[in-house]
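Visitor: Chain order of the listed sequences is A and B. Start counting the first sequence at 748; every next residue gets the next number (this note's numbering). Start counting the second sequence at 4; every next residue gets the next number (this note's numbering).
Since the hints were made in silico from the structure, they are not lab data. Virtual Cβ for every residue (Gly too), placed ideally from N, Cα, C. Keep in mind that the hints are not guaranteed to be accurate.
[Claimed, not checked] Quick list of simulated restraints, FRET-style, between CB atoms:
| # | chain 1 | residue 1 | chain 2 | residue 2 | range |
| --- | --- | --- | --- | --- | --- |
| 1 | B | Lys-525 | A | Ile-763 | 48 to 56 Å |
| 2 | B | Phe-457 | A | Arg-928 | 15 to 23 Å |
| 3 | B | Asp-122 | A | Pro-921 | 34 to 42 Å |
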Amino acid sequence: MSEEKSDNSTKKLVKILVIVGIGVPVLVELMTLFNLINVQIFEDEKDANSQGFDVEDVRGFGEGDTLFSDQASVVVIDELRIKVSAQEWRFALGLTSADSSSQDELEISVDSLSLQSKKMLSGDNNSWEVKQSAPAQVYGEWILPNGDIPTKLFISSDQKTGKDSTKKVSQEVPLDKVPVRYNQNQ
Amino acid sequence: MTFIHKYPKAAKVAKANFIVAFIALAIGGLFGFVQALHRTNVFRGFFNSGEYYTLLTGHGVLLALIFTTFFIAGLFVWGVTRSLDREPENLTFTWSWFWLMTIGLVMATIAILGGLVPDSSIRAAVLYTFYPPLQAHPMFYIGLALVVVGSWMAGADWFWSYRKWRAENPNERIPILAFMTLFTMLMWYVCTIGLALEVVGLLIPWSLGWVTEIEPLLPRTLFWFFGHAVVYFWLLPAYYVWYAILPKLSGGRLFSDSMTRIVFIIFLLLSTPVGYHHQYADAGISVGFKFYAMATTLLILLPSLITLFTVVASMEHGARQRGGKGYLKWIGKLPWDSPAFVGCALAGIMFAAGGFSGMINASMNINVLIHNTIWVPGHFHLTVGTAVALTFMAITYWLLPQLTGRKLKYKTLALIQPYAWFLGMTLMSNAMHRAGLAGVPRRTAEPEYSGFDFEPIFGTMTEMKWQIAIGGTILMISLILFLWVVVASWLAGEKSDKPVDDYIPEPLSGVEHTPAILDNMKLWFGLALLLVVLAYAFPLWEMVADGIFSPGALPRPS
Ligand code: HEM
Ligand SMILES: [Cu+2]
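Bound-form chain A, shown alone (with noise of 0.2 Å):
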């Protein structure tokens, strides 16, 4: 009686492993197969491209890229990522003078640092280590909470407004995603 009870719930047991187990995957696998000869075959590849937004729109700063355009000196970012070794993790930031040709020293500063986990970062216990002076280079480390990294700086420069005045120019720097790179030599 018992024997023929538990024999049952093992076919009932059976039946939604089979169902879940095997049912599941099977589907999973069909749909792909359909979604890609769906695309292949029936969509226009240039809606299927389309579909995403303009990428250049949301993206946020990079290396590469160039901070305080529109003003006097304008700076270029050409170092910025998260440098790990076994338990440091840290924020890295080079920045040159766009003008080559300029022997001015980069009067610039990091104010703050807002973090993915919201955590505001102040900046100013940061010097900066002089790389080169002609065109003037930059270079300076934030050590974060392991794991964060930074979404957004708040930069402030000194631009000239005349031949002798300068006036404090601050921009936001939302932070398109830093690549966190291993320091193997720490």
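Use these hints to put chain B with the ligands onto chain A, whose structure you have.
Guide: Just chain B with the ligands now, with coordinates in the frame of chain A:
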């Protein structure tokens, strides 16, 4: 009477190998789960991205190299002992290869896990394809070298048993279990030549600082000399199970003895010369050799197709014995309530799917489309990650009672396990394949490029990420079920004289129909070496002709 009562010494050796294999499986599987959640950005609290390579190396080495090798050793000890009807010839020798492999494995693991210790100088985040420029602590390479030497001794142990058996049975054919073991090991001897040369000749001196410059192409080529054959070293033991045991589990018997032998011979011949197909993107190998590798790779599909035919035919025979009828209706008569059967059968189905993506990898021109994308892990989780791993797990449900003399516990959980693995792997691998087609790279914790959005052919990136994460989670659950059933049965299963039906019937078309030449090991081994020389001698010579340690050599052949 079951195995442990007849051969208590061999049972102990096999069990020791299984313990190591399952510990590696547990740790490696956990790493896989963590990776799946981390790289999809679903949960990143376990570690930071800088430690990803350490985890990925642990996952690859512990699962693909350690779990497989130790499980295979245990399986072969069981098969050789049983089919030749003799305990290991000398237990001191047998235990010494086991301990040598274990010491090596522990060294390699310590080197890898050192990467998680702050300020540790011991690290080995070089991935399981360990060639320069990534460099590991010498302990990693030395440990792996010990594992390989141990595995050579294990093979020698089985040949030793065979020779003794042969002396007593001069006119008998090699029993099929022993045949498959010996041919797998012959292939292993051929392909590990490349690995030994790479590790002992180049990597150990380099990691110790004895040489500072190394030509990058040479160790890569030597690694891939080994690197494709190793996948058949994992796979052939799964075939061994499908040929020798699965027909019995489905209620029938093996379809053909000679087909089985032919398949193993083809693998011995062709596994190594195809290694270049992992180097399609390497500038230093001439396109002619790549083409040769592509042709032989497609040829090597043949034995897998023969296997498909033979195994399915054996299963159909089994189902008809159980009352199955019709063209396809017999499938319903298979024992879908037996965990060991279900695991092997589902593993076989997944292998067929892996074969399809494998054909794409193998085709030199299409390979460019998916090279180094997450498509590739999608492919090999079907092959080694399921065809091999799920077969090993499933057959454990049948072997463990024989090795421990205890019945399996929690049969319901054991039954859920293979279905769960199949579901989880379909989800994870399907999404990995699709993401790979969109260009998502493999081997990175941060799979985005800056200023660039992936454009999937269909679906969305977010949906694929979730599919990978959910698939990985189901796999982890399946793995926990497996480990739970094994530990519980091993420690507390009901003791019994006959804990499982371990009888293996004779093949339908038996050894009497098998040509004797198929058992000529010297002939096939010699041919295998010849094919390897044809494929590799010239390019390797070109690479070393201007000095082994001189980087920046000209493209080959120049
Ligand atoms: C719990 C089940 C598993 C999960 C969730 C899992 C997950 C993953 C993921 C997400 C990756 C890709 C990482 C990347 O390229 O960034 C990976 C790589 C890999 N997995 Fe698994 N895996 C599992 C089981 C297995 C099994 C059973 C095997 C082999 C027996 C295996 C062998 C490998 C190998 C060889 C790699 C490549 C490592 C490398 O690129 O160096 N995995 N796994
Ligand atoms: Cu291969």
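Visitor: All hints, please: hold or fail.
Guide: Structure-based check of all given hints:
Our hint of 48 to 56 Å for Lys-525/B and Ile-763/A holds, since their Cβ atoms are close to 54 Å apart. Evaluation of the 15 to 23 Å hint for Phe-457/B and Arg-928/A yields a pass: the beta carbon distance comes to about 20 Å. In this structure the supplied range 34 to 42 Å holds for Asp-122/B paired with Pro-921/A, their Cβ-Cβ distance being about 35 Å.
In terms of the numbered hints stated before, the structure departs from none.
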